[in-house]
Amino acid sequence: MLADWPQMNDEDPLVLSDEAIASFECFQALTRRIRNARAEYNVEQGKKISATIIASGALRESIEAEIKSLVLLAKLDPAEVTVLESGSDEAKAAAAVESVQLVIQDGIEAYLPLAGLIDPEKE
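For the sequence shown, this note's numbering begins at 1 and goes up steadily by one.
The hints are simulated quantities; they were obtained by calculation from the structure and are not laboratory data.
One or more hints might be untrue.
To be verified - Dumping the calculated SDA-like pairs for lysine to any residue here, alpha-carbon to alpha-carbon at most 20 Å:
| id | residue 1 | residue 2 |
| --- | --- | --- |
| 1 | K68 | V83 |
| 2 | K48 | K92 |
| 3 | K75 | C26 |
| 4 | K68 | R32 |
| 5 | K68 | G87 |
| 6 | K92 | D106 |
| 7 | K48 | S69 |
| 8 | K48 | L72 |
| 9 | K48 | A37 |
| 10 | K48 | L73 |
Kindly generate the complete structure, drawing on both the sequences and the hints.
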């Protein structure tokens, strides 16, 4: 079967949402930073690690909505991933755990516990 490639109607403008673009860029940066940390700490390719993500407002909600994608793309353990509100008691407790802190952008951080990243026997 052959069909023409779908064409956009030139009369209707392309719909753009600055909020959606910012949300996607944040998700991209979060995924990239977690994957870079995995590479820096020589985490085995198939090993799933835990993560705590701290964000606020709409960005936290968008990360929670795409948590399955983040788990898949960053190779995280779905049972060990939490998204917390900035400034909450849980977020402060997560920051106190010995972990790698990744600052993604203003107001968004990720914590990867060292226990899941480093194998003491190999070190």
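Now the hints, each set against the structure:
Pair hint K68 plus V83 holds up; C-alpha atoms about 12 Å apart against a cutoff of 20 Å. Straight-line distance between C-alpha atoms of K48 and K92 comes to about 24 Å, which puts the hinted pair past the 20 Å bound. In summary, the hint linking K75 to C26 is supported, as the alpha carbons are separated by about 18 Å, within the 20 Å threshold. For the hint linking K68 to R32, the alpha-carbon distance of about 16 Å falls within 20 Å, and the restraint holds.
With a C-alpha separation of about 24 Å, the suggested pairing of K68 with G87 is violated against the 20 Å cut-off. With a C-alpha separation of about 17 Å, the suggested pairing of K92 with D106 holds against the 20 Å cut-off. For the hint pairing K48 with S69, the CA-to-CA distance comes to about 14 Å; that is within 20 Å, so the pair holds. In summary, the hint linking K48 to L72 is supported, as the alpha carbons are separated by about 10 Å, within the 20 Å threshold.
Annotation: proposed proximity of K48 to A37 holds, straight-line Cα distance about 13 Å (limit 20 Å). Proposed proximity of K48 and L73 is supported: the alpha carbons are some 11 Å apart, at most 20 Å.
Violation of the numbered hints given earlier is confined to hints 2, 5; the remaining hints are satisfied by the structure.
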